[in-house]
Every structure is written in C-alpha cells, then in structure tokens.
Amino acid sequence: SAVISQKPSRDICQRGTSLTIQCQVDSQVTMMFWYRQQPGQSLTLIATANQGSEATYESGFVIDKFPISRPNLTFSTLTVSNMSPEDSSIYLCSVRRDRYGYTFGSGTRLTVV
Amino acid sequence: KQEVTQIPAALSVPEGENLVLNCSFTDSAIYNLQWFRQDPGKGLTSLLLIQSSQREQTSGRLNASLDKSSGRSTLYIAASQPGDSATYLCAPLGGTSYGKLTFGQGTILTVHP
Numbered sequence: 815s816a817v818i819s820q821k822p823s824r825d826i827c828q829r830g831t832s833l834t835i836q837c838q839v840d841s842q843v844t845m846m847f848w849y850r851q852q853p854g855q856s857l858t859l860i861a862t863a864n865q866g867s868e869a870t871y872e873s874g875f876v877i878d879k880f881p882i883s884r885p886n887l888t889f890s891t892l893t894v895s896n897m898s899p900e901d902s903s904i905y906l907c908s909v910r911r912d913r914y915g916y917t918f919g920s921g922t923r924l925t926v927v
Numbered sequence: 002k003q004e005v006t007q008i009p010a011a012l013s014v015p016e017g018e019n020l021v022l023n024c025s026f027t028d029s030a031i032y033n034l035q036w037f038r039q040d041p042g043k044g045l046t047s048l049l050l051i052q053s054s055q056r057e058q059t060s061g062r063l064n065a066s067l068d069k070s071s072g073r074s075t076l077y078i079a080a081s082q083p084g085d086s087a088t089y090l091c092a093p094l095g096g097t098s099y100g101k102l103t104f105g106q107g108t109i110l111t112v113h114p
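Residue numbers (my numbering), protein chains in the order written: chain A, 815 to 927; chain B, 2 to 114.
No wet-lab data here; the hints were simulated from the structure.
Quick reminder that beta carbons are idealized off the backbone N, C-alpha and C, glycines included.
Check the hints yourself; a few may be wrong.
Stated by the list, open to error - Below 30 Å or equal to it, Euclidean Cα-Cα: the simulated DSS-like pairs (lysine-lysine) are: (1) A:Lys879 <-> B:Lys101; (2) A:Lys879 <-> B:Lys69; (3) B:Lys43 <-> A:Lys821; (4) B:Lys69 <-> B:Lys2; (5) A:Lys821 <-> B:Lys101; (6) B:Lys69 <-> A:Lys821.
To be verified - Here chain B is said to cover these stretches of chain A; the calculated rule only asks that three of the stretch's residues, wherever they fall, bring their Cβ under 8 Å from a Cβ of chain B: (7) 848-861; (8) 911-923.
Unchecked claim - Computed list of chain A residues with no C-beta within reach of chain B, every gap over 10 Å: (9) Gln820; (10) Arg824; (11) Cys827; (12) Arg829; (13) Thr834; (14) Ser841; (15) Glu868; (16) Phe875; (17) Asp878; (18) Phe880; (19) Thr891; (20) Asn896; (21) Glu900; (22) Ile904; (23) Leu906; (24) Ser908.
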C-alpha cells in the first residue's frame, strides 16, 4: 500500500492566521482526499484533489477557506485560512489504491487559540 | 446517502477476551468495506479490506465479515491485548456516495491489563 508523509504533525496557531498542511505520497496517485475530524467526531471529507484541475469540495466546505494545491501526482497541500477556534481539528490526507483500499497520513492536529 | 452505525460506542474489557465490534450501513450497493484503527490524536491505520464479493477477511488476530445484502460487517478481535486499545472505524465505499468513504462514529476500545 502507499506510504504518505504528512506534516506538520501538530501546530498551535493564532486566530486569523493560516496554516498549510503538506502530504507527500511515495508513488503516483490520481486522486488525493482531505478530511477533517473535529473533536469527538468521525471523519468528514473536505475535498478531492486531482492533479491539473480544481479540487472538488463537499457541501459545507469552500475554496476560499480551504484552498488546495495539487502540483503533481505525488504531492498536495491543504491551507486552512483565516482560522478561528472552530477550525481546531485533526486534518488528514488520504489516497486510494483499488487493491489496498484507502491509506491515510498520520494527521495534523491543529489548535487555534 | 450512506449512513454508518457502529455498536457499541465504547467497550472496556480485561486482557484476553474475545471481542465483537459491529457495523451497519444503509446502502448495500458498496464496492468494499474497510476497517481502520485510530490511536488518540493520530491518523488512521488500515486493518482489513473486504471486497463486496468476499464474505470475510483475516489478518492475525483480526477477522472481519461482510454481509452485504443485510448491510452489516463485524470485526472480531481474538485474545485482546492492551495494545489493541484504540478507536475502531468501519467505512463502506461506494453505493450512493459515488466512491467516497463514509465513516461511522467508531467504537472506542479499552483493554485493561
């Protein structure tokens, strides 16, 4: 299965600032997925990132708040913009391989103060 | 829209017990179902992937079954150990969610020495 390197692993940020999260995959993949896990909740899909096209956002998530880049088939970033305490969550990236299912990064634990 | 329910929500057992975690889903038109483990504040680790054509899958002390027609999956953990303590998530893929993973709320497992 794929190996995903995600960073940072955690961060504490000031209200109103932005944080960019990076995910590097050890092999080429068509789609990368970004999830949010709010405290005590399960995972919610934010968007699907395809190389060479705009990301597809799920209901309730917008590009201005969560801009995504996908410059090549092994790398993607998610930015959490103009942060508020409500953005405090674990953010995870993921890829899918038909034979192995989904693989997740180690997560970014974000606290906004 | 796919909905996933996991029972029990939490489970606390002494070391050595055999455990059964239950997952039910509303849309049976799935491609496969994946079980994950999540340690506190961390990413997800894939445990087992069951294809829609399979009835069960085994890895070490773990055995997962799938009854697609009734919308149910079960994760069986044999001879539980303190290191098994984590949140267990099931996620069916496909159906009306168009190839997206849908997560349940998870079962929080605590195994006491």
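Next item on the list: Check the non-interface label on serine 841 (chain A): least C-beta distance to chain B beyond 10 Å or not.
Entry: 16 Å, holds
Checklist line | Distal placement of phenylalanine 880 (chain A) relative to chain B, Cβ over 10 Å | finding: 17 Å, holds
Item checked: Nearest-CB test (10 Å) between chain B and arginine 829 (chain A) -> Consistent with the label, arginine 829 (chain A) stays out of reach of chain B, its closest Cβ about 21 Å off (over 10 Å).
Notebook entry, point to check: lysine 879 (chain A) and lysine 69 (chain B): Cα distance at most 30 Å?
Noted result: Measuring from Cα to Cα gives roughly 38 Å; hence the hint is violated.
Next item on the list: Would you mind confirming whether the straight-line C-alpha gap from lysine 69 (chain B) to lysine 2 (chain B) stays at or under 30 Å?
Entry: Within the cut-off at roughly 16 Å; holds.
Item checked: Proposed proximity, lysine 101 (chain B) with lysine 879 (chain A) (alpha carbon, max 30 Å) -> Roughly 22 Å between the alpha carbons, so the hint for lysine 879 (chain A) and lysine 101 (chain B) holds.
Check: Going straight from one Cα to the other, do lysine 43 (chain B) and lysine 821 (chain A) come out at no more than 30 Å?
Finding: 12 Å, holds
Check: Beyond 10 Å from every Cβ of chain B: is that where the Cβ of arginine 824 (chain A) lies?
Finding: 8 Å, violated
Next item on the list: Compute the least Cβ-Cβ separation between isoleucine 904 (chain A) and chain B, then decide whether it is above 10 Å.
Entry: Isoleucine 904 (chain A) is in fact no farther than 10 Å from some Cβ atom of chain B, at 7 Å.
Next item on the list: Please confirm whether threonine 891 (chain A) is truly not at the interface, meaning its C-beta sits more than 10 Å away from all C-beta atoms of chain B.
Entry: 17 Å, holds
Checklist line | Distance rule for glutamate 900 (chain A), whose beta carbon must clear each one in chain B by more than 10 Å | finding: The claim holds: glutamate 900 (chain A) sits with its nearest Cβ about 18 Å from chain B, beyond 10 Å.
Checklist line | 10 Å cut-off, C-beta based - glutamine 820 (chain A) kept clear of every residue in chain B | finding: 7 Å, violated
In this structure, the earlier hints numbered 2, 6, 9, 10, 22, 23, 24 are contradicted, and the remaining ones agree with it.
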